[in-house]
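These are the residues of each chain, in order.
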Amino acid sequence: MSTLEARAVSKIYEMNGAEIRAVDNLSLHVGEGEFVALVGPSGSGKTTMLALLAGLLQPDVGEILINGNSLRTMGKAKLAAFRMTSIGFTFQANNLVPYLTVQENVELMLRLNGTLDKKGRARTIDLLRRLDLGDRLKNLPSQLSGGQQQRVAIARALVHEPSIVLADEPTASLDTGRAHQVVSTLAKLIHEQGRAGVMVSHDLRMCTYADRVLQMEDGRLTRVLTDRVEIDALAHVTHAEEHAEAVA
Amino acid sequence: MLSLYLATKEMVRNKRRFISVFLIVALITLLVLFTSALGDGLAQGASELFERMGTELLVYQQDVDFQLPASRLGRARLSQIRRVPGVAAVGPVGVSTASIIAVDGVESSGLDVSMLGVEPRQPGSPATFAGDELNDSRAAETVIDRHVSERLDIPLGATITVKVVQGMEEKHYDLRVVGYAEGRKVNFIPSIFVPLRRWDQIKPQATPGGGGDDLIFNIAAVQLNRNAVPLDVAAQITATVSQVEVTDPITAYQTTQGYNDMMSTISMQQGFMLMIVVLIVGSFFQIQTLQKVAQIGMLEAIGASSGMVIITLLIQVMVTLLVGLGVGAAAMWGMAQAMPASVPIVFSGSKITITLLSLLVSGPISCLVAARTILKIEPLRALGLSA
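Going line by line, the protein sequences match chains A and B.
Just so you know, my numbering puts 13 at position 13 of the first sequence, and the rest follows in order with no gaps.
Numbers given in my numbering equal positions in the second sequence, counted from 1, plus 1000.
For the record, the hints were derived by calculation from the structure and aren't laboratory data.
Do not take every clue at face value.
[Claimed, not checked] Across the chosen pairs, the derived CB separations fall in these ranges: (1) 1319(B) / 85(A): 46 to 56 Å; (2) 173(A) / 1319(B): 55 to 65 Å; (3) 233(A) / 1016(B): 25 to 35 Å; (4) 223(A) / 1319(B): 52 to 62 Å; (5) 1019(B) / 233(A): 55 to 65 Å; (6) 1326(B) / 139(A): 31 to 41 Å; (7) 1015(B) / 68(A): 47 to 57 Å; (8) 173(A) / 1019(B): 27 to 37 Å.
Virtual Cβ for every residue (Gly too), placed ideally from N, Cα, C.
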């Protein structure tokens, strides 16, 4: 069972005496094999929400449940151990350990879990081959392009077979072609392996690979798109607008 | 162990960077140990004779502030001192200077030495680590200290020619080398030991050939009976022998003119040097750790424990320091062997230990301070994301 649930979650920061609600009373549920896109402009609270879902931040109000387990009740060490086994995470930058090869970076998750064995090694290589990185196993991150690095990060996020996969702006530093390739692969693997996936992105074109799109603004959920036609329309409108801008 | 795996991988994959760090630590170690050894060598040059005298008390003429050349004693005083209860033996020590100008008739580059007149087999006469001790009070023999033997490469049994000025004349005397003693510098000048009566003849003086009927020397070295209390015997000597002052060898060299100034300068220099070096090494590892903010943030975000991250950092710091300190200490030893004998290098076990331990501790402490700062940062902030 892979489920991710946020119940009326709020995260409040104080800045110069003023209260800033980075996330404001937000609830969501992501089921097994479901890939959800969390979109919105910069400062809308997307990354904070992702950090809350990962247990990297604790909500001031509400709670996060992963497979029915509340993160609120876990101490720091237990939370770290839970993250290690149940969550796969990719970031927009600084994803990889610079002195480990592609294969070692992916296997790092298994080493952390203490589950690196022949099967794990085989799974690592298979996953990297599926992500077109079969010929890059022994390369260091500095020898890879941005897209290749993101794909390695995706492999690392999936290799330990977590329930939840969280991706923060996985296309931030990629060109359009690479961005589509990375997100489509991520979505495909989440669907295939029955994980619950959440992707934060400011790039609406990537929503076309999501099963559901949650739009955030000022920490609040302002719009939920579940209809495939609506989602594709959002992605294409954005694409058309950008194309027009580029032509102009 | 994952920490060891990550630490090793980083060091192996970043060989150049880590070799540079090893070398920097090694050079810093070499610098601090070398300056410390030079300082100790210099200090020893002022105290060596007294430290190795092997006697409990030294008797000086009164009111000369324990200045060796200014003190004058005669044989009558020796007899009086010998009669004081608690005194086991007394030996005269006369101090003068000379130059060794030839070895076995072959002219040498010339070496100024302290020429010490001592009574054979009496306190003040040096033990030898090779050859024989002085035996005959009138013999034209000498025991040379290690510094002299190393600098002029004089074999046992060789005859050295010393030059002194007596009256208006420059006189040359031959002395046969019968033994080697450990270093016994007097005021930074290496020493040769000559039987007292021979010394009296050849020392620089107004009239060539001897100082007259009463043999004059500078101080008396006093050896005590096993159960005698040095302070009590010193008080009794002062009370029963006229116009003398008594001290122990340590106080004697500490009261040498300029000794305290020199020692405080050396100690301050060594202390500052160690402090600066510890701060540099500490800052170095602190900066090196702080540069890993993003990497540590990422490891924490994917579930690595703080303990694992800290152990990884500590392994690298300790390996870097141990290799660097080892290479530095070995280079120091090699350099000391290659240095000419005229360079005073003395290894002090306690100072080497303090230096190495200070450096060994400063790295991990600085690393831990930096790691504590980093681990307080939320992983997403460490990654540079806007959490």
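Hints versus structure:
A hinted range of 46 to 56 Å is violated for the C-beta pair residue 1319(B) and residue 85(A), which are about 31 Å apart. At roughly 34 Å, the beta carbons of residue 173(A) and residue 1319(B) sit outside the given window of 55 to 65 Å. Between residue 233(A) and residue 1016(B) the CB atoms are about 54 Å apart, so this pair departs from the stated range of 25 to 35 Å. Our hint of 52 to 62 Å for residue 223(A) and residue 1319(B) holds, since their Cβ atoms are close to 55 Å apart.
Under the hint 55 to 65 Å, the C-beta atoms of residue 1019(B) and residue 233(A), about 59 Å apart, fit the expected range. For residue 1326(B) and residue 139(A), the Cβ-Cβ distance of about 34 Å falls inside the hinted range of 31 to 41 Å, so the restraint holds. Here the CB-CB span from residue 1015(B) to residue 68(A) is close to 48 Å, well matched to the stated 47 to 57 Å. A hinted range of 27 to 37 Å holds for the C-beta pair residue 173(A) and residue 1019(B), which are about 32 Å apart.
In summary, the structure is inconsistent with hints 1, 2, 3 from the numbered list given earlier, while agreeing with the others.
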